[in-house]
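Asks: All chains, please: the whole structure from these sequences, using the hints.
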Amino acid sequence: MNIIVCMKQVIDLEQIRIKPNTREPVTKGLPLLFGDFEKCALEEAVRIQEKHGGKVTALAVGSPKLKDTIKEALAIGADEAIILTDPMFNDSDAMGSARVIAKAIHKIGEYDLILLGDSSADEYSGEIPPRIAELLDLPQVGFARELEILEGNDQGTNTKTIRAVRDLEDALEVVELDLPAVVGVTSELNTPRLAPLSAILKAGRKPLNEWGPEDIGITADEVGANASVVEVLSNLAPVQDRKEIIYEDVEEGVAEVVKALLQEGVLTQ
Amino acid sequence: MEFRLSTEQELFKRMVREFCEKNVEPRSREMDDKEEGIPDELIKGLADLGVFGIMIPEKYGGSAPEGEEMTYANIAVQELGRAEMSMALPVYTLLCLGWGFLITKYGTEQLKEEVLPRVAAGEYFTGIATTEPGGGSDIANIQTSGMYKDGKFIVNGEKVYISGVLESIEQRDGGHITLIRTDPEAGHRGFTFVFIPAKLPGISYSTFDDIGRMALSTGSLVYKDVEVPEYYMLGEMNRGFYLNMEGFNLARILVAAACVGMTEKALEISRDYVKQRVLFGRPLAKFEGISFEIAEDHAKLEQLKLYLQYTAWAADTLYKEPDFISHRDLSRMVSICKMEAPMLGAEITQRCMTHLGAFSYTKECPLGRGLRGIMSYVVGAEGGYHIQKLIIAREYIGDEAVPYR
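Protein sequence lines, in the order shown, are assigned to chains W and P.
Those letters in the first sequence? Residues 1 to 269, by the working numbering.
Those letters in the second sequence? Residues 1 to 405, by the working numbering.
Coverage of chain P stretches by chain W, computed from C-beta distances (three or more under 8 Å per stretch; other residues unrestricted):
#, stretch
1, 15-22
2, 44-50
3, 53-62
Dumping the calculated BS3-like pairs for lysine-lysine here, alpha-carbon to alpha-carbon at most 30 Å:
#, chain 1, residue 1, chain 2, residue 2
4, W, K28, P, K300
5, W, K67, P, K305
6, W, K202, P, K305
7, P, K305, W, K65
8, P, K44, W, K206
9, P, K105, W, K202
10, P, K320, P, K59
11, W, K243, P, K286
12, P, K13, W, K65
13, P, K13, W, K28
14, P, K275, W, K243
15, P, K59, P, K199
16, P, K224, P, K105
17, P, K59, W, K51
18, W, K202, P, K22
19, P, K300, W, K19
20, P, K224, P, K149
21, W, K160, W, K206
22, W, K28, P, K275
Over the 12 Å line for every Cβ pair with chain P, so calculated as not near, a few chain W residues:
#, residue
23, K107
24, I108
25, S119
26, D154
27, E169
28, E176
29, L177
30, S187
31, E231
32, E256
33, E264
Don't read these hints as lab results, they were simulated from the structure.
Glycine residues also receive a C-beta, built at the ideal position from the N, C-alpha and C atoms.
Replies: Below, the structure written as structure tokens:
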């Protein structure tokens with residue numbers, strides 16, 4: 001089983017501050033980490049590899065910081081990594097990013113499974129898995145919270161399928177896909193392992209390839225800010241204003257507060 | 001000049017922190033209340049992460065980042081101090097790291113093969129036994145004898161205030177690097193450093209009722225005609241005093257790391273609290289009496305933290321470049337860390353307690369555990385507060401400031 005795990009580095013969400021006057025998030029200078037979904041995708045890939053053998057390749061598009069960030073993926077268990085950090089890829093919309101990823105996967109060539117977070121922790125658009133599946137003409141399933149590789153035999157040929165349990169919020173759906181396929185995973189899938197010191201120290205010695213636009217055959221009209229058709233109009237934290245309502249009567253106050261909390265969905269009846 | 005941690009160091013720090021936040025911190029109160037030692041699964045988890053193998057080369061089952069051991073150990077122990085503020089787990093770990101490093105450096109091949117893989121796996125404790133009922137600060141005056149005869153040291157005497165007594169005899173397994181007098185006539189040039197497994201025949205023990213770090217035992221070890229094979233000797237015969245001093249340098253750096261980690265967490269608890277606690281219509285943080293205290297303490301702690309990182313780096317560098325500085329220079333630097341970290345931590349933690357008020361006096365709040373724990377390093381353990389001043393004065397002022405000459 002050759003598995004490609006697509007990973008996105010995102011800013012450390014716990015460190016975002018909101019400007020009190022403008023409600024804009026301050027995201028400059030924050031550490032870049034892999035999000036929880038990516039870590040679950042990688043963990044699953046490593047588990048599948050431990051069971052079925054093969055190779056795990058981590059693939060990431062992002063800023064030059066990736067040279068550092070990707071070491072975590074290599075320490076967790078990816079056998080090699082491919083990073084794409086050319087400035088041409090900056091400010092892509094989801095379609096642009098999907099084109100870069102799909103072309104890189106196409107160049108890698110041999111793969112049975114593409115795993116990635118169903119959404120990224122920062123933008124949470126959830127567009128990448130279906131878009132790359134479409135570009136690569138592969139079957140795709142999202143919101144996977146359980147995965148199982150099934151090996152079969154069809155008229156003398158070994159066949160591989162993957163069974164996924166999809167989380168549809170009010171129901172679980174079980175689907176089977178022929179491999180190769182694209183699977184977007186949720187954080188319920190597993191508990192990602194921590195990288196031990198020995199693996200951290202060896203991560204730097206694993207193969208790390210850096211590919212540019214010419215390596216994957218992409219041009220400036222397909223990717224980056226120019227190719228973006230999405231315009232972000234506003235990205236502000238929700239308004240938080242204190243109501244400062246003072247009830248003189250305790251009985252009435254309690255009733256009103258409970259009513260308000262029910263309305264806000266904090267309490268349920 | 002490079003002040004940043006490397007990518008690998010940052011990653012290791014994050015891994016240890018993630019493990020600690022998820023596994024250690026939630027059990028820290030229980031550990032202090034129960035007084036039944038450190039849960040095996042925490043030791044096992046840290047060993048799996050490679051924490052107990054930081055000082056130990058791969059050949060002996062460890063994962064030493066060669067030439068950066070102290071830097072990595074400093075990182076790990078600070079994280080443990082943050083998560084387990086009573087400092088039982090940080091101290092257990094730092095003793096294994098600091099004294100394990102000395103075994104790596106000076107142990108015989110047989111000793112290393114016997115002990116180090118088990119230390120790295122978290123199965124085996126390694127500590128230090130120097131102090132005696134007659135005192136610990138005046139090391140040149142210790143009495144435990146270990147006459148060498150027929151390939152063995154015959155050890156008689158008593159060591160007290162020894163960490164990890166129950167851990168190495170009852171709960172797990174382990175031993176202590178022990179300072180014994182092998183030439184009674186030769187003063188401090190008559191000591192030898194030997195590793196003594198705590199379960200050897202002839203060793204009995206008792207425990208003390210400490211006021212803090214309740215998940216780690218302290219006690220005395222009594223040796224009656226204990227036969228210690230020669231291969232347990234570290235370095236050369238009658239050079240034990242110097243090895244002990246060298247080992248103190250390593251362990252003291254990590255003691256300071258545990259204290260800095262604990263204090264950093266205490267200050268964060270206070271910082272978070274004063275932002276949300278409203279008094280006279282505004283958050284406590286708006287009162288300069290509070291915010292200036294926190295600002296000053298933050299400044300002092302940041303300076304110490306940087307100096308500690310520098311000292312850990314200096315220790316690493318000294319092993320790579322023996323001419324870089326002298327061991328005495330390193331001792332001065334280490335003593336600055338060991339003098340400052342426990343006392344500053346105790347002071348800051350007390351101020352934090354005044355910010356949190358009565359809640360801080362309950363066991364629900366970890367600050368009390370932190371204060372009780374850190375006091376062990378103010379009063380003694382790897383050299384008390386005043387001994388550090390004596391070392392700094394000796395190295396900075398000169399022999400004029402030495403009381404024992």
